[in-house]
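Asks: Residues per chain are reported as follows:
2 protein chains.
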Amino acid sequence: MIANTNRQIVLAARPVGAPKETDFRLVEGPVPPPAEGELLVRTIWLSLDPYMRLRMGTDLRYYPPIPLGDVIVGGAVSRVVESRHPKFAPGDIVDDYTGWQDYAIAQGASARRVNPALGPLSTAVGVLGMPGLTAYLGLVKVGRPAPGDTVVISAASGAVGAVAGQVAKIAGCRVVGIAGGAEKLRYLTQELGFDEAIDRHTDDLPGALAAACPDGIDVYFENVGGPIGDAIYPLLAHGARVVICGGISHYNATEPPKVASHSRADPLHRDRGEGFNIYSYGAHYEHARKRLARWLGKAGSPSRRTSWTASRTRRWRFSASSTGSNFGKLLVRVSAE
Amino acid sequence: MIANTNRQIVLAARPVGAPKETDFRLVEGPVPPPAEGELLVRTIWLSLDPYMRLRMGTDLRYYPPIPLGDVIVGGAVSRVVESRHPKFAPGDIVDDYTGWQDYAIAQGASARRVNPALGPLSTAVGVLGMPGLTAYLGLVKVGRPAPGDTVVISAASGAVGAVAGQVAKIAGCRVVGIAGGAEKLRYLTQELGFDEAIDRHTDDLPGALAAACPDGIDVYFENVGGPIGDAIYPLLAHGARVVICGGISHYNATEPPKVASHSRADPLHRDRGEGFNIYSYGAHYEHARKRLARWLGKAGSPSRRTSWTASRTRRWRFSASSTGSNFGKLLVRVSAE
Numbered sequence: 001m002i003a004n005t006n007r008q009i010v011l012a013a014r015p016v017g018a019p020k021e022t023d024f025r026l027v028e029g030p031v032p033p034p035a036e037g038e039l040l041v042r043t044i045w046l047s048l049d050p051y052m053r054l055r056m057g058t059d060l061r062y063y064p065p066i067p068l069g070d071v072i073v074g075g076a077v078s079r080v081v082e083s084r085h086p087k088f089a090p091g092d093i094v095d096d097y098t099g100w101q102d103y104a105i106a107q108g109a110s111a112r113r114v115n116p117a118l119g120p121l122s123t124a125v126g127v128l129g130m131p132g133l134t135a136y137l138g139l140v141k142v143g144r145p146a147p148g149d150t151v152v153i154s155a156a157s158g159a160v161g162a163v164a165g166q167v168a169k170i171a172g173c174r175v176v177g178i179a180g181g182a183e184k185l186r187y188l189t190q191e192l193g194f195d196e197a198i199d200r201h202t203d204d205l206p207g208a209l210a211a212a213c214p215d216g217i218d219v220y221f222e223n224v225g226g227p228i229g230d231a232i233y234p235l236l237a238h239g240a241r242v243v244i245c246g247g248i249s250h251y252n253a254t255e256p257p258k259v260a261s262h263s264r265a266d267p268l269h270r271d272r273g274e275g276f277n278i279y280s281y282g283a284h285y286e287h288a289r290k291r292l293a294r295w296l297g298k299a300g301s302p303s304r305r306t307s308w309t310a311s312r313t314r315r316w317r318f319s320a321s322s323t324g325s326n327f328g329k330l331l332v333r334v335s336a337e
Numbered sequence: 001m002i003a004n005t006n007r008q009i010v011l012a013a014r015p016v017g018a019p020k021e022t023d024f025r026l027v028e029g030p031v032p033p034p035a036e037g038e039l040l041v042r043t044i045w046l047s048l049d050p051y052m053r054l055r056m057g058t059d060l061r062y063y064p065p066i067p068l069g070d071v072i073v074g075g076a077v078s079r080v081v082e083s084r085h086p087k088f089a090p091g092d093i094v095d096d097y098t099g100w101q102d103y104a105i106a107q108g109a110s111a112r113r114v115n116p117a118l119g120p121l122s123t124a125v126g127v128l129g130m131p132g133l134t135a136y137l138g139l140v141k142v143g144r145p146a147p148g149d150t151v152v153i154s155a156a157s158g159a160v161g162a163v164a165g166q167v168a169k170i171a172g173c174r175v176v177g178i179a180g181g182a183e184k185l186r187y188l189t190q191e192l193g194f195d196e197a198i199d200r201h202t203d204d205l206p207g208a209l210a211a212a213c214p215d216g217i218d219v220y221f222e223n224v225g226g227p228i229g230d231a232i233y234p235l236l237a238h239g240a241r242v243v244i245c246g247g248i249s250h251y252n253a254t255e256p257p258k259v260a261s262h263s264r265a266d267p268l269h270r271d272r273g274e275g276f277n278i279y280s281y282g283a284h285y286e287h288a289r290k291r292l293a294r295w296l297g298k299a300g301s302p303s304r305r306t307s308w309t310a311s312r313t314r315r316w317r318f319s320a321s322s323t324g325s326n327f328g329k330l331l332v333r334v335s336a337e
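Same order as they appear, the protein sequences are chains R and G. Quick note on numbering: the first sequence equals residues 1 to 337 in full-length UniProt numbering. Quick note on numbering: the second sequence equals residues 1 to 337 in full-length UniProt numbering.
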């Protein structure tokens with residue numbers, strides 16, 4: 001049954017610093033009809049991810065900004081309500097960037113069919129979706145972990161970091177996570193199997209890292225940016241790889257970010273930093289998803305799932321996700337599965 | 001105590017086909033005195049490796065042939081008897097290519113000190129020596145295994161293959177070994193933890209490999225050469241890596257070897273074959289040895305040790321090692337440790 005009204009959250013103002021409730025506006029309107037080749041879908045799970053903050057700004061180095069008044073961009077798991085594309089039928093589950101709304105129009109040609117047998121539907125935007133693929137492909141294609149390597153991951157309890165760390169364990173590495181607060185540290189070592197976890201607020205981050213990485217750091221999976229690199233870079237081993245995946249410490253910044261002051265001048269050291277964006281690796285998605293699904297089945301969920309309902313909550317939570325008070329994969333449950 | 005006589009096995013004739021006893025000659029002579037900077041060492045363990053057969057021939061693509069009448073080349077673990085180099089003292093254990101003799105002169109500048117704490121002394125020419133380093137560095141640097149990859153290894157029960165397979169397991173891969181005979185197959189899956197083992201004499205090698213590698217082959221670690229590639233190459237996955245480490249099926253050949261007839265013409269497939277020789281990776285030895293030693297301590301010996309005494313036996317065994325009747329790491333124990 002289709003509701004009469006579609007609720008949409010649109011961008012009311014470009015956030016300055018952390019997003020505020022007044023940066024968003026709830027708009028109600030009719031449920032749109034699909035045209036030929038399109039699908040009408042009902043949103044089930046909405047994914048909250050750090051990149052969304054960038055899309056609310058005007059930094060064109062990333063992706064085009066969301067125009068003011070437009071629906072907030074976001075990945076979602078949805079159920080097909082009406083199909084005008086031969087590949088899909090009502091009831092099918094799809095994964096697409098349909099954004100913050102109850103109902104959306106998806107393109108049949110580009111929507112991805114979700115296989116519910118692989119895991120809970122929400123994993124399609126978690127460990128089996130963009131964050132999980134980012135973790136797997138960033139670690140494997142750029143980080144190239146060798147068995148026995150020491151891998152350090154920042155924002156390690158986040159949706160990407162948590163999966164990257166678990167894949168690094170599967171790859172036979174020593175895995176050290178950096179996160180904030182005792183609960184996250186416990187989660188990393190007790191639930192996810194990290195070898196060590198270090199509090200980012202510790203008085204002596206360089207000392208704690210050096211103690212946790214006696215053979216140096218072979219792979220650094222960078223999710224936060226900022227001055228944490230000052231502790232990391234001096235410990236990079238010969239031939240180390242730095243996967244520059246994210247910089248969440250900058251995303252709400254109103255001034256140019258403080259970056260690591262340390263830079264290595266020695267060409268013999270052969271370490272390599274590489275900016276990584278999942279969208280360059282589209283050819284590898286299915287292959288990577290298959291492996292993640294296999295591991296998901298084996299060793300339990302590699303990603304903690306947190307869920308809420310209500311649009312009011314989701315705005316608040318989105319802000320929280322950039323201030324360090326949540327961890328794991330952030331999701332909004334918009335409707336029943 | 002130093003014996004009065006040094007026994008040496010020298011090359012009497014270049015072998016045609018498999019080496020025969022008459023290709024070798026036992027020579028007895030005085031124990032040589034070390035000059036300044038040199039060490040006199042007593043051989044404990046002598047390593048038998050396939051490359052030695054190449055050195056007995058005249059194929060200059062490899063390394064210079066052993067001159068007729070010279071001591072047979074080979075790696076050995078020895079004890080220092082007399083030192084004229086400041087780095088070494090009597091009683092130290094060293095690893096060097098000192099060849100088939102009871103006593104040898106080693107160069108203090110190039111001999112490697114063996115750390116007996118890392119494992120049994122014989123491992124210095126096994127899992128912690130050339131074969132183990134070949135396995136680790138060939139797999140890691142050329143094969144670049146990603147977690148979830150399928151890795152196929154030929155001559156999988158040999159000194160190199162057995163370690164390569166175990167490192168691939170540590171790296172989170174599915175590992176399929178090819179070897180000859182039920183005992184070796186059992187050894188691979190029951191003792192070494194390979195996922196599958198295939199008999200190279202099976203009637204349908206392509207069919208058996210396809211069944212064992214449902215997602216294709218991501219890494220092929222080639223130790224044997226010859227027509228086995230006909231079964232391997234059609235199964236290579238997109239972007240596969242072939243580590244061309246050895247070709248033992250050719251080493252005794254008296255005619256040009258039959259090679260795989262299959263070759264892939266599709267440039268989109270992006271698989272890559274790379275000849276691999278450990279001596280290009282000297283900078284990585286200590287690093288790799290440290291990891292192998294760590295794993296050796298954890299999970300028991302990654303290499304079966306076989307030992308004999310008596311020079312007569314060693315000649316016969318050397319021949320056997322190229323006909324498939326032995327497996328694991330082949331060693332000759334020349335004297336007590």
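One or more hints might be untrue.
Any copy will do: because identical chains look the same in the list, a pair fits if it lies in one copy or spans two.
Claimed, not checked - Within a straight-line C-alpha distance of at most 20 Å, the following computed DMTMM-like cross-link-like pairs (lysine to aspartate or glutamate) qualify:
#1 Lys290 x Asp199
#2 Lys290 x Asp215
#3 Lys87 x Glu28
#4 Lys290 x Asp96
#5 Lys87 x Glu286
Keep in mind the hints are simulated off the structure, nothing from the lab. Quick caveat, the model's predicted, so the values are computed rather than measured.
Asks: Now, for every hint given, state plainly whether the structure supports it.
Replies: Structure-based check of all given hints:
Proximity of Lys290 to Asp199 under the C-alpha cut-off of 20 Å is found in neither arrangement, the shortest distances being 33 Å within a copy and 29 Å between copies. In the homo-oligomer, the alpha carbons of Lys290 and Asp215 lie at most 20 Å apart only across protomers (10 Å), although the nearest pairing inside one protomer, at 33 Å, exceeds that limit. Taking the shortest Cα distances, Lys87 and Glu28 never come within 20 Å of each other, neither inside one copy (30 Å) nor across copies (82 Å). Taking the closest pair of Cα atoms, Lys290 and Asp96 come within 20 Å of each other only inside a single copy of the chain (18 Å); across copies the shortest separation is 47 Å, beyond that limit.
Within a single copy, Lys87 and Glu286 get their C-alpha atoms as close as 18 Å, which meets the 20 Å cut-off; across copies the closest is 56 Å, which misses it.
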